[in-house]
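Chains as they are written, first to last, in the numbering used here: chain A, 3 to 193; chain B, 3 to 193; chain C, 3 to 193; chain D, 3 to 193.
It is worth saying that the hints were derived from the structure and are not from the lab. Fair warning: there could be bad hints in the mix.
Since the list gives no way to pick one copy over another, a pair counts as held whenever it fits inside one copy or between any two copies.
Said to hold, decoys possible - Derived SDA-like pairs (lysine to any residue); straight-line CA-CA distance at most 20 Å:
1. Lys36 - Pro104
2. Lys36 - Ile112
3. Lys36 - His101
4. Lys28 - Leu41
5. Lys36 - Leu66
6. Lys146 - Leu109
7. Lys36 - Ala108
8. Lys44 - Ile129
9. Lys44 - Leu109
10. Lys28 - Trp86
11. Lys146 - Gly74
12. Lys146 - Ile177
13. Lys28 - Leu109
14. Lys44 - Pro133
15. Lys36 - Ile113
16. Lys28 - Phe85
17. Lys28 - Thr105
18. Lys44 - Leu82
19. Lys36 - Val158
20. Lys28 - Ile113
21. Lys44 - His33
22. Lys28 - His101
There are 4 protein chains.
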Amino acid sequence: MKSNRMEAFSDGVLAIIITIMVLEFKLPEGHDWKSLVYLFPKVLSYIFSFVYVGIYWNNHHHLLHMVRTMNGRLMWLNLLLLFWLSLVPFTTAWMGESHFAPTPMALYGIILTLASMSYWLLQRSIINQHPRDSHFHTIGRSWKAKLSPILYLLTVLTAYISPWVSGFFIVLVAIIWFLPDRRIEEFLREK
Amino acid sequence: MKSNRMEAFSDGVLAIIITIMVLEFKLPEGHDWKSLVYLFPKVLSYIFSFVYVGIYWNNHHHLLHMVRTMNGRLMWLNLLLLFWLSLVPFTTAWMGESHFAPTPMALYGIILTLASMSYWLLQRSIINQHPRDSHFHTIGRSWKAKLSPILYLLTVLTAYISPWVSGFFIVLVAIIWFLPDRRIEEFLREK
Amino acid sequence: MKSNRMEAFSDGVLAIIITIMVLEFKLPEGHDWKSLVYLFPKVLSYIFSFVYVGIYWNNHHHLLHMVRTMNGRLMWLNLLLLFWLSLVPFTTAWMGESHFAPTPMALYGIILTLASMSYWLLQRSIINQHPRDSHFHTIGRSWKAKLSPILYLLTVLTAYISPWVSGFFIVLVAIIWFLPDRRIEEFLREK
Amino acid sequence: MKSNRMEAFSDGVLAIIITIMVLEFKLPEGHDWKSLVYLFPKVLSYIFSFVYVGIYWNNHHHLLHMVRTMNGRLMWLNLLLLFWLSLVPFTTAWMGESHFAPTPMALYGIILTLASMSYWLLQRSIINQHPRDSHFHTIGRSWKAKLSPILYLLTVLTAYISPWVSGFFIVLVAIIWFLPDRRIEEFLREK
Numbered sequence: 003m004k005s006n007r008m009e010a011f012s013d014g015v016l017a018i019i020i021t022i023m024v025l026e027f028k029l030p031e032g033h034d035w036k037s038l039v040y041l042f043p044k045v046l047s048y049i050f051s052f053v054y055v056g057i058y059w060n061n062h063h064h065l066l067h068m069v070r071t072m073n074g075r076l077m078w079l080n081l082l083l084l085f086w087l088s089l090v091p092f093t094t095a096w097m098g099e100s101h102f103a104p105t106p107m108a109l110y111g112i113i114l115t116l117a118s119m120s121y122w123l124l125q126r127s128i129i130n131q132h133p134r135d136s137h138f139h140t141i142g143r144s145w146k147a148k149l150s151p152i153l154y155l156l157t158v159l160t161a162y163i164s165p166w167v168s169g170f171f172i173v174l175v176a177i178i179w180f181l182p183d184r185r186i187e188e189f190l191r192e193k
Numbered sequence: 003m004k005s006n007r008m009e010a011f012s013d014g015v016l017a018i019i020i021t022i023m024v025l026e027f028k029l030p031e032g033h034d035w036k037s038l039v040y041l042f043p044k045v046l047s048y049i050f051s052f053v054y055v056g057i058y059w060n061n062h063h064h065l066l067h068m069v070r071t072m073n074g075r076l077m078w079l080n081l082l083l084l085f086w087l088s089l090v091p092f093t094t095a096w097m098g099e100s101h102f103a104p105t106p107m108a109l110y111g112i113i114l115t116l117a118s119m120s121y122w123l124l125q126r127s128i129i130n131q132h133p134r135d136s137h138f139h140t141i142g143r144s145w146k147a148k149l150s151p152i153l154y155l156l157t158v159l160t161a162y163i164s165p166w167v168s169g170f171f172i173v174l175v176a177i178i179w180f181l182p183d184r185r186i187e188e189f190l191r192e193k
Numbered sequence: 003m004k005s006n007r008m009e010a011f012s013d014g015v016l017a018i019i020i021t022i023m024v025l026e027f028k029l030p031e032g033h034d035w036k037s038l039v040y041l042f043p044k045v046l047s048y049i050f051s052f053v054y055v056g057i058y059w060n061n062h063h064h065l066l067h068m069v070r071t072m073n074g075r076l077m078w079l080n081l082l083l084l085f086w087l088s089l090v091p092f093t094t095a096w097m098g099e100s101h102f103a104p105t106p107m108a109l110y111g112i113i114l115t116l117a118s119m120s121y122w123l124l125q126r127s128i129i130n131q132h133p134r135d136s137h138f139h140t141i142g143r144s145w146k147a148k149l150s151p152i153l154y155l156l157t158v159l160t161a162y163i164s165p166w167v168s169g170f171f172i173v174l175v176a177i178i179w180f181l182p183d184r185r186i187e188e189f190l191r192e193k
Numbered sequence: 003m004k005s006n007r008m009e010a011f012s013d014g015v016l017a018i019i020i021t022i023m024v025l026e027f028k029l030p031e032g033h034d035w036k037s038l039v040y041l042f043p044k045v046l047s048y049i050f051s052f053v054y055v056g057i058y059w060n061n062h063h064h065l066l067h068m069v070r071t072m073n074g075r076l077m078w079l080n081l082l083l084l085f086w087l088s089l090v091p092f093t094t095a096w097m098g099e100s101h102f103a104p105t106p107m108a109l110y111g112i113i114l115t116l117a118s119m120s121y122w123l124l125q126r127s128i129i130n131q132h133p134r135d136s137h138f139h140t141i142g143r144s145w146k147a148k149l150s151p152i153l154y155l156l157t158v159l160t161a162y163i164s165p166w167v168s169g170f171f172i173v174l175v176a177i178i179w180f181l182p183d184r185r186i187e188e189f190l191r192e193k
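Please build the complete structure, drawing on both the sequences and the hints.
So this is what it looks like as structure tokens:
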């Protein structure tokens, strides 16, 4: 009774989330390049979300390799993470449609904060399946996991000051999480 | 010839069901918090359905581990279950859009009753693959399976009295099914 | 290099086809039972298509267990089958929306005929991977495979006489294919 | 830590891309054959894209069998490929809706060029995991990989001269890639 099916289900949900965002691109009125201009903010916010969902998929992929035994708790924490991520297409579309207005950007930041908190809860539950002295426990103390909520909060707060500052923090968190945690990769290689 | 592919197909359908419900969230007119108010009943009914589909996926996951041999009967009972669940996004959207009006809530309860009856038929077929004296047969006699249809019926009937009472029974059934059946988990651990 | 990934991809496409048909159910204007009446032909044509896609998934499941070696030919024949099936949601919606008008019903029959012909081509290619004297070759000579195109043709032709006659043939083909071919199941059990 | 989950995720995304394109087929006003005429350019561009996504899925399938160790780089290159392919439904719909106007055709060519460049980067990363003298390295030097970008560029440029010439190059690239690389297939058979 391993985590395979939870992986398959999560992959399915994430694949749909990443793809239905494109359904928000309404066809332009004209047939020239100029008529595509209105799409620019929508495509930009799509790129943000594509990268974020990609990062979650990538880290999720690494995290689930550490699961020792599946239980109801892990399944529900995983569903909680998928719930917040399932709201990403809506907030992405709103952010793009509003040309990065303060409230849509703040909502985007809030949804990502809640997703990252669910991820952190899932991670902690999986880490606790391992003995206290295993080096999985160092992951829980990683600076990434501690810094992210603060940066997300800054995304939300600065949304009302300037979309550029808020967008900067969105990009910054993406860069930090871009690569999966080296320590997990090393551990898996050692096994 | 195991149940893997039926699991994969069911996971795909459930993942799509859970995700396309979000497509019902039309973008708001304005760009402030106030313009999100209309979304509240839609999000609430989405949460209900997300939890229900999650519960079905979770229990389905446990149930399919007990399949000994696949056959046409199991496939069709599984498709029957998926058919009723595929109607959940429509009834969820109607319930949210009508602000929990009696008829949409009653329809929601009816669809869930039919889904639970299909689940029960599928469960019985799988249990009957095991010898009569195995302790799988105790599951068929579980109080959950007996209580659920009655509670669902109450959901349908009370929809015309008060949405709060009807909603209470919807939440109650969810809580009852929240955790997968301990006995199956124990059996799988013993194996 | 087995057929696993072709199965996974086909399952994904079939799962999406079966689920997006529900997106055609537009929300009713009112909030009472009467306002659901307009949905009746749509739900009826959805049931037809759900059963048909279910039958294809079921038989496809059995057929792919006979694949000995994957090659480009099988992949393209499989994609051809998926192409025709991908048009089922459109024709289903048109048939329902038109209240089973002759031309939509004829188109529905044509798409199903083309899908069944692709299935037959795929089946023949897989059978030819087995030695001539194996009893797989008897499947190619099955009366089902020979009768189906004739019945589909009758579905198309009678669409202009009466929707009831045409619908009768649609239901008849469904019943014929309802159960997977016993001989394949028996062979797999013997293995 | 093999490439299975990346395959599963990619299959999911490709299956959704190929299927949601059909959602662009709006229902016709009338219920006769004549009312389907407007669909012709949409169906034609759908066929193009179905074949292209099919080709990518097919080659992707072969390519991922050569992966020796998964790493972050491969995951991100794979996501880059999926990103460009996720824009195919939008450009397909625009091309069909505009009756193959120059700019939509040029955009279609550009998106396919970017997808093919991402595929080439992914292929190169996977090839470099193998020793220099293995015959995987001959694949990197294949004439297909060298010819494709030139033909795609011609698709973009000739879009403003004639849709027929541009369409000819789209079809030509499809034919070239129709069959998976024989050399990879042979190698896998030898293994």
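Of the hints given before, which are not true for this structure? Hints 5, 6, 8 and 14 are the ones this structure does not satisfy, whereas the remaining hints hold.
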